[in-house]
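So the protein sequences, as listed, match chains D and E.
For the record, in the first sequence the residue sitting at position 231 is 231 according to our numbering, with numbers rising by one throughout.
For the record, in the second sequence the residue sitting at position 30 is 341 according to our numbering, with numbers rising by one throughout.
Careful, some of the hints might be misleading.
Covered stretches of chain E, going by a simulated chain D footprint (3 or more residues, C-beta under 8 Å) [stated by the list, open to error]: (1) 313 to 319; (2) 324 to 335; (3) 398 to 404.
For the record, the hints were derived by calculation from the structure and aren't laboratory data.
Note that beta-carbon positions come from the ideal geometry of N, C-alpha and C, so glycine has one too.
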Amino acid sequence: MDKGLLIEGVTKAYGGKPVLAGVDLHVPAGQIIGVLGVNGTGKTTLARIASGLLKPDSGAVRLEGREPSRHTRALVGVTLPDAGWDQLHSAQELVELHCRLFGWSLHAARERARSLLLAVGLGPVAERRVRTYSFGMKRRLDFTLATAHDPPILVLDEPTNGIDIRGRETIWNEIRRQRSVGKAILLFSQDMDEVEHCADLVGFLVTGRLGAHQTPADVRRLSGSFRVRLRLGKEGRPQQALQVLREAGVLAGDAEAFVGDEHLEITGGTDMEAMARLSTDAVSALTRADHPVFSVSIAPPTLEQAVAQRI
Amino acid sequence: MNSFRVLFGRYVRHTFRLVFLLFFNLAVAVFFLLVMSGTFGRLQGPNYPLVMLPFALLSAAFSASSSVSGSLTADFSSGYIYRLLATPCSIFTVIASPLLANLVFVTVYGLLLTGIAVLLAHGELPAAGPLGVLVCLLLTTLWGFALGGIGVIFGVGGRNPQLAQLAAISVFYPLVYLSPALLPLELMAPWLATATRLNPTTYIVIAMRSLLVGGWTWGGVLLGLGMAALLAALSLSAAAKAVSTALHRGES
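Just chain E, same shape as in the assembly (with noise of 0.2 Å):
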């Protein structure tokens, strides 16, 4: 435990030394979630912004789990992970602090643009109220844990930060858009919508749509939390093997 926290307390402190990062992770949902605002508000009703959360969310964790996996990376690629490994840290902890230091990011993002959406949505709150909030940034977070666990995957196996990342796009694209994060499933071609059935996040974001402007629909809300919790095991456990496998191969 100890490990845990002071490899946690190094990963905060590294984000927040690359300011920019900061800044861009940011931006990007800041400027998508204004847009789309802006641009369907009037025809789809005032609560428009907060339907479009999710989307600017998921996006936001996306951006900062991909620094992350692409500084843990970096910490495989130049070898300061033998450093870290040469004291009592399992090879899960080091993987395992940064990916969750990320949840002090996603939820200070997730807090913002909640509170964007809510002034776009000329003050109508979400309809679970500020558990549903707390819920729907901890879908966020866990899918954004899983989605940088495959960019460590990547990033690792390639021995490069830049493989992570591009990864972490790779895989981001075709989890969002095959989701009803921008369209709703009733809407979609009958093959794309069974296509973004079997994708996972379908899950996350019916049950984050439900909390920010349903209210607490119980049996979506725990299937999303199950399926994103599923994400991030497999993808946690997928990484610490990728990890421990390169390093036995002494690939560092």
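Okay, chain D solo, but in the shape it has when bound (with noise of 0.2 Å):
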């Protein structure tokens, strides 16, 4: 139980305003544990408790079985996605400071950085003032600097938000590769997708308090309902076009469909490979009933939807 993050009964108000109701939380070496929650809810200060990096008023954290200090910071590394930048150094020399910071040599710290730039894309940019870079750029070094003093625990604030979709598969890897040599990893996001692609289990932060973990499979299914939208266009005949897909059997179990102008929406799946069976048996016998489909789109459960449904 000693290795990891543990976080028993933490509570924190703002100006009498609770933020966390008393949050439990465990993170064993080797594991990403998910937490997901909307804008508001509390996850950045969750995350700086969770670092050290703020007090709770009440409740205990512990990293690797001792408690926050200037003297466990090594033990854990963090993101912090509000934290802005000195803007007149560059990427190379802000992880150089970092990992001096944490008593590495100068010559290790020049060699730690070089590296960890490259294996995050920003190598042929690393000599350039911070002030010139993209935000997603910015969000790439801060993963590095979380990495870079090579903690045992990771606490990461939302590290992909606002990065391309090839850096946040560069920075997917790298958190799966973290977890590969033993690395506890503690990741705050409003992307399930993300979670999807990291996480051993997941857990929501809705007001102030974290649900019972999940698998992210488990999590997708118990989020609510896939989608699919069938265009029929301006000559579309919406309401015939329900009753021709009531008749053949196409809405059956918990399928619920709505009628829009032009389209139709079908609500109620929880599997994508049924619903994407479920497209295209309505597709053919719409087709088959000369109600010509113009297009088919089919949208995961939100975010919101989750949250809703954990309210």
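Put the two chains together into one complex; each comes in its own frame, and the hints tell you how they fit.
Below you can see the structure in the form of structure tokens.
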């Protein structure tokens, strides 16, 4: 139980307004625990408390079994999405500075900075001052700093928010690599895809409390329905089309259909493959009955839907 | 100690990258020294540039320290301070290292200004010799250190680097003009002299002037050093407390 990160009964309020209302969490070594939550639910506050940067009003945090203090900072690396930068220094200099503050020699810090910046795709721009960096580049640098001193615990607060698809893949691969070498990782996110790609277990932070952990697949399954949208065009007759689907037996089980001006929307399925089959069947039935379908889209449950299911 | 050394280096590097600041910090003090010596030098005697040197030194220390407190407040308001505090640095180190890095600049400015004052005084050297000049620079640095701390307190309170500089300006003028930096105590109106005696800067200026034009008057020098050290210590503790309070309120 000593390895990894342990949070027990943590509460925090700002100006009398409670933000965290008793959070319990254990992140063992070699695991990624995801915490999902929409804006303003206390993710960043919990990240700062988990990393020892902020004291909770009550409750306890243990980093590898130790109470957070200045002397345990080498045990944890944290991304700080809201924190700014020294704009007059380069990424190479800032990562070097960070490592040296942890007692690394100048030579070791220089080499470490070089290899890490290369790994997150910042190698070619490492010597440029940070003020010239885009938002996404700064986020990659933020991730680099969190991992720079090789801590056994990582607290990652929305590490890929604002990064392009390729950059996200790079960071996700790096997060999984960190797990494979035994790091305990607490991953805060607003992105269901992110936790699905990275986390072993996921909890929802809603109204200051952290719900029970589930696997990412269960989160998807229990987070509301996929939506299939069939666009029929201006000449389409949605009411008649709905009748066709009912008569063809396409709308079975929990599926419900809603009629729009030029489209039909079907909800109810929680399994992506079943919803894909349903959309194929619906298009076939409508085409046979002379109701042309112009386009089909399938949308997964959103984080808002998932949170709504848990309130 | 490691954190202190690394952050000290960072602020020295940071300041060197703002070359225009280095220039303006010195230019105002040099300008003052030249104009005052040119205006009153003939009336007051050949060592007048050395008499005015304390004001020029305090002016340079003020400019340098307000730059430093501005940088520190910028670290706070941008949130970069959280990145530093995620390392083994203490709040004390984060605040003290730039204020002490300022020592490098104030020392260089002080040496340049002393050189210029000696030239303007037709080669007359400071009365207490090279060691006296060093003590004079120490007094200047400690005073600048205190002023920088005050800038941090206001800048962090208002979460605004400009406020740090404005606060330093509002403190600088009363501290320096209510001191014998421009006019000896005995020539002041009685009420002004009384107010001046309540100002700790007065004793720092008296110590500096004695080292530059009088010689080693131990009582005055020790009183000046004591006042400067006390101001610096109070200011640093108050700045550390202000930053710590603001961080715990989550104000960054």
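Status of the hints after comparison with the structure:
no.: 1; hint: 313 to 319; verdict: holds (count 4)
no.: 2; hint: 324 to 335; verdict: holds (count 4)
no.: 3; hint: 398 to 404; verdict: holds (count 4)
Going through the hint list in order, the structure satisfies each hint without exception.
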